[in-house]
Amino acid sequence: MPDGSSYPIVRAENLAKQVNSPEGELVLLHDIDLTIVPGEAVAIIGASGSGKSTLLGLLAGLDTPSRGQVWIDGTDLFALDEDGRARLRGAMIGFVFQSFQLLPNLTALENVMLPLELAGRSDARDVSRAVLARVGLDARRNHYPKQLSGGEQQRVAIARAFAPQPKLLFADEPTGNLDRATGKRVADLLFEINQELATTLVLVTHDETLAQRCNRRLELETGRLKVEA
Amino acid sequence: MNTLALAMRMLRRDWRAGELRALALALIVAVTSVTAVGFFTDRIDQALHRQANELLGADLLIASDHPLANELRSIAHQNNLRSAETLDFPSMVVAGEKTHLAEIKAVSDGYPLRGKLYTAPQRFMPDAPVSGIPQPGTVWLDAGLLGPLDIAAGDRISVGEAQLIVAAVLTREPARGGDLFSIAPRLMLNLADLPNTQLVQPASRIRYRLLVAGEAKNIAAYRTAIAHRLKPGERIEGVEDARPELRTALNRAQSFLGLAALVSVMLAGVAVAIATRRFMTRHLDNCAMMRCLGAVQADITRIYVFQILALGLAASLAGCMLGYAAQGVLAQVLGTMVTAELPLPSLQPVVFGVLTGMITLVGFALPPLLHLKHVPPLRVLRRDIGAPPASSLTAYGFGVAALAALMLWQAGDLKLGGYVLGGTAAALLVLTAFALALISALRLLRHRAGVAWRFGIANITRRAQGSVVQILGFGVGIMALLLLTLVRGDLLKDWQKSLPADAPNRFLINIQPGQVLAIHDFLTRENGTEPTLFPMIRARLTGINDEAISANTYTDERAQRLVSREFNLSWGAQIQSDNQLVAGHWWSAAEHGKRVLSVEEGLAKTLGIKLGDTLHYMIGGEEFTAKVTSLRKVEWDSMRANFFVMAPPGALDSYPASYITSLYVPQNQPELMNKLVKAFPNVTVIDVAAIMAQVRLIMERVSLAVEYVFLFTVMAGLLVLYAAIQATLDERIRESAILRTLGARRGQLLTGLFSEFAVLGLLAGLVASTAATLLGYLLATHVFHLPFSLNPWIWLTGIVGGTLGVGLAGLLGTRFILQRPPLEVLRNSC
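Sequences listed follow chains R and Z, in order. First residue of the first sequence? That's 1 in this note's numbering, and the numbers climb one at a time after it. First residue of the second sequence? That's 1 in this note's numbering, and the numbers climb one at a time after it.
Bear in mind the hints are in silico, worked out from the structure with no lab data behind them. Even for Gly, the Cβ is constructed at its ideal location relative to N, Cα and C. One or more of the hints may lead you astray.
[Said to hold, decoys possible] Partner residues are not named here, just some residues of chain R that face chain Z (Cβ under 8 Å, in silico):
{"id": "1", "residue": "D63"}
{"id": "2", "residue": "A79"}
{"id": "3", "residue": "L80"}
{"id": "4", "residue": "D83"}
{"id": "5", "residue": "R87"}
{"id": "6", "residue": "E110"}
{"id": "7", "residue": "L114"}
With the rest of the complex left out, here is chain Z:
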């Protein structure tokens, strides 16, 4: 028998009759959401892999927080490698009366060794690749600097003590890529001009890089040759580990967005299960008839397996295509933050998309459909005989297991996956209980409502199981959107409110010891407040007690990061007002000059430092050892300068220091900082508001992307509704026919339908608002330690949105029921 042809013919017809629409749409939404995320992360992943050397600007580089030994350069030349050097650090740029923070990059000839720099002659003019670097005496500026400084190419600016001419607008720089992790626009100058700026001082925080490029075997040889010559604070970055911060961000985005997309898959699975149930009921007669006509069980199985596979494949491929279109939005929102140009995606997300689609379909649709083979042929004579009931465990157990496996895979690590699975299961249980409680409460209301509303509410309570699924579906979608918009906004507002109005909004760094008095006087005179200037000494922690430590000592990510970079040590006689002693004692005047330390308790916990421990530091090649005599709690969001580790006055006097201070500059005194920078060109002003704006921009873009992914969840929720409406359609058509013969008017029936869905939406909104508020409360009090305030808008938006959205969608899906003449309906159904 040509089962395949028969199966395809039946599939085609079922499709035309609209029987498979809910099933296919659910799959399409699931695959679209998964592949949209997949294509997007794949593109970034490829950018990181394929363009890795362009992102590095080299085949290999050595990054360091201190000048690199000449030996590293000479070994590169011995290995026939080309090399170049860069230094970068933040500093102020002055043009006339205006100043602006810039990320300065000084580059040597040959930079970049891989990839190209692009410049334009002026802002808004087309750019082109250039070979070479800025000529001595000139700089290239990011367009983001030209506007605020009100200058154009050809104008003169000063950087530190140097006067330089803007030669071109820098439009693209390989090693920079996206704007995600930069705090200020770029200024690129020739390394030869750097000494003139006088910005490189002993305690300045500068990133030194040596870039090398050449044949792969020479690179490998070089890597081996220098591996054991690296000092603390020096790190090799190769093409395989380029841009570690981007990789971490990508991995997080991949698991998080992927898991968010799986929420849609979960709902799609529910829609598939509901739609399949209806499909199965409608196919009982067909199966019985085919059995009568001589079809064996295997024929029935084959027919449905073919149908499912064909439908799954077609819907999954359609989903992949839509996913490809949808990823463009993500690339627009997030991609530009990571890298300037994204390559085309590979086919790997298609594989994952099709796999997800097939697993969802096979998991939720195939077991019930395979059960169709058990339909007894006697059904052709006796309509009341169906297939023997299958246990829901065998029917959906496979689907649930498959989804759990997808989640574990997407989470990328067993522990996180376990948490996500456990959390999802627990949340579903709690929400189910809540939804059931709400549905029971409806029963009480039923007798107080008018006839149409009573009918609508009765439908919800009668189909309690289906109602719970729909409430959860919509509830989760609405909750996610509420969290990402209102709750996020609230948290940000609460945080801003928790800051005093005159909290410092500028940090001044790189103040040289010789400038301390002058700046103190300047600020006291011009700003009317007496500033406190703190010394900062850059020191690397090398040991605790007698144990040497390095990044490898720790498994914790934060600890590794802390140990691999330099700390800022400071000193002071008094404990700062926003610090609180939690253990030990603060030094007395008699202890000034002693080698004792006070450590912030969070840092102590992360690095395993206890009261009484001896800490070993390297400061500019010299060892410094001191004992921990107190632990402090620091209120970091006071926005004042604070330090992890403090020493008493006199203990660190002999080491090179720079100074830092924070101050509040009123909005109406913008010229104050310009004046300061003109007087002290080496001082860098960090505008907290500007950094906050950058952080907020990142948060906004990230949450926009997450919201976008959760839109698919809402769509999947709508499909659950659609499938549920389809599943009860025959019943509803019959009910409304009976009601109409009993004299119900069209308006009453419409009200009945609307009320049912509106109440469903209301309950979903209630569940969503409650959950979002609860999560908001937990985040505020336990994670961010902020005072929590109840936002009535969350309830209003969630409930009104849910009621109207689901009510109208439901009405739209069912209103045609009323167009069928009751007589026709009743005659057909008897």
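Excised from the complex, chain R in its bound form:
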């Protein structure tokens, strides 16, 4: 739920991305302008290839735009170098991915600890155990990703995303790899914790029911933002 202050946590202006392909220049995103305020839950929807993931990548600073700007909490994202953006991500942003993206060589607990350790937190273990308990996986903390089911892996990923209490969470098709029932349980958990911690959520999905649980929906069509749905 938006916290009432109108100072945007994410602002994009004229954001565009084009790549060179054998057929010539391919425009992935056309001049996107958008604003997301703290506490909001925004769904980015659209068909496959509409540019959803490209937009998410740019908003999170995982990729650089062809032109345009993005401010995260007032910081000009692309004025920073790659390491600067990594620091900003470490300090403010959490991620949940369709394919979970857990490090296979670390246990569930170690995966959750990773962002806290990268940020130099000395309480990484205690915090991580608490968050793992919150997603109901304390008993499985010493399991490796491949010993966990898909739903469990995504719960670990959610715990990892929320553990550093980020201001902003990007989720890319978080239920895309899960069956309907598991997907629903994972989505419930995501929204519950999101509300508990008042995190701003940016969710990419083509799942209409999931999108409907957000405050706002932004629909992309061949790289253009349609009027807000």
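Given chain R's structure and the hints, the job is docking chain Z onto it.
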């Protein structure tokens, strides 16, 4: 951030998952092979340093080929030094009807001044250190003499004209140490008994030594005092230059075995590079995710640097421990030839081992891993994005440079190192071209093979680059083993075959002028052939034309050796049948008695002697000058007595001479030589077969040691295979899943896998056999000048060994692929 803890945690997990196994094993093999050689040579080196005075039996000695002046002894006493004397020479020992060659050593009271003699009351009984030397009238014998002479302690033997009693079995003698350079077992007697033997004659070849010991400052003073008093043929040996022949052998062993070990390091580097590539691919996702979670590039770098250092250190230390265990084998095979007791090694080889391990790892693994920091975080959304490709020059250039530096260091001298590097590079180029040609030839075969074999062969040609590396890896290992076993055996056989069946197999030396006729008659009567007895006059070359020469005149090692010892001059009216005149003319009857010489062309070349030169010799204190009027080529392996320098009859008559002859004694007449020695006790019989057996033993032991070191090369080759299998594992698992969904049976898939590795092994065997045969041919025709014969066993062994060895090893490494259910594989990979 606690990167170190994180790095260690990831390392531990990667280790448990088996991801680092190939990397670590490659390092362990590399370090094991290097340290095995390092520990072994270090032990010998220490033995030479620490026990130097024991090896000398003194703190300083003067060695000479003629009796030493009394002055040297008195100066030693003036300097408060203790002294002792020894004389040694080969001679026959007679016991009843049996005779045997022995290295006689006559020692004076006080010997040895450093170290101890050990004796046992009888053979096979425990030994103990003794003080003192054999009592007059008694001798101590090496156990190696008791058996052949069929005697025990208490029995009577004769040495020359003296009758002596065997008082004890000599088990250990400091100055003798190993058995590498001795041609016969030892007999030690009291110097006081020597005159009774009547073996010391004017022309006998005897080594005289004066040993001194005492305080360091007195030794130094003595050394200075006598330095300018030494005559030609006299040499000082101190603790720092004790046993020069051992030092030379050690230095050679060190560079040669070290370089052989580096072949394993080279292959290990390749295995490390391949394994790292896979490690890197598997870590792309991790890196992208860590970047997403806020890791900066420096964090990624730190994590991998820590991991590499920790892994490198652990694997190198493990390699050092294995190397220590492995050196025991080398010490067993070679060490006993050098010195009786080897001290424990120092830690220096560990330093070199760890350094080698780290250089290999850092050189071949770190550059690609450091590249991981460039993985874009966007990869978490788009799997197809990897790190931007690094040029292989930056990736492996450092590793190759590091290896080259290690080689130069190991070779110990820039020139040799340069040759080795150049040779290695050239050989790799040639072998690579050969391997590539073979792989192309495979493409032609592909359409004629069945489906499983076609699939296997297709895998080799598709991964041509990796296949070449593996073929070379195995090829070099197999080639080395073939060279050391089959080719070496062939060369030896060819040489033996090149000798006529009745080539002389005994040399008789120390024949006195008065015995010439009697021995001539004896041999003509008893052996049925008329022998030629050649006079021998010991002479030292002191000048060529008007220039004085000494060992320092020459830089060539052989020239130095030749000049520092005495030559045997001989004379004859006719040129020997196995000699061929290459320049000048042989003397006519009119020139008999003239001061002219005929010189062997090899010697002339080494010492820079030309036709027409005047040579100056010292013979027993008198000068002898003569002109070179001819150069000869000598067929040394005719096994007949031959001489570097010959004079016409009459030119050297006035100088003291002893005589030599060579003869063929049939196997069925062993008693002939016993009879001869009993009749002429001062004559020494040298059994060529026994010396050949000794040489062969040395060759066998040395090549066994080298083979052992090359076993690590084969192991490193297997690791290249293992790493290559690991690197293509994901691909193979997917391929076999697809094939199985298409209806391939287990047997077909296994045949496909086996065929791929078997063909790889076959190609490696082919490369190895070709290279070994080619090297064998070059050695035979250019180095040993022997007729070359093709040995089909080299091809059979190399190819069958390679095919089966690599085929089975490959199958073993991949067969579990078939145990994964295809559905699971295909689901995971989509």
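Now for the hints, and whether the structure bears them out:
With its C-beta approaching chain Z no nearer than about 5 Å, D63(R) sits inside the 8 Å limit, and its interface hint holds. Look at A79(R): its Cβ only gets to about 16 Å from chain Z, farther than 8 Å, so that hint breaks. At a threshold of 8 Å, the smallest CB-CB gap from L80(R) to chain Z is about 11 Å, leaving the interface hint violated. Evaluation of the D83(R) hint against chain Z yields a held restraint, the C-beta minimum of about 4 Å falling below 8 Å.
Hint status for R87(R) relative to chain Z: holds, with the closest Cβ pair at about 6 Å, below 8 Å. The beta carbon of E110(R) comes within 6 Å of a beta carbon in chain Z, closer than 8 Å, and the hint placing it at the interface holds. For L114(R), the shortest C-beta to C-beta distance to chain Z is roughly 6 Å, which falls under 8 Å, so the interface hint holds.
The structure does not agree with the numbered hints 2, 3 stated previously, though it agrees with the rest.
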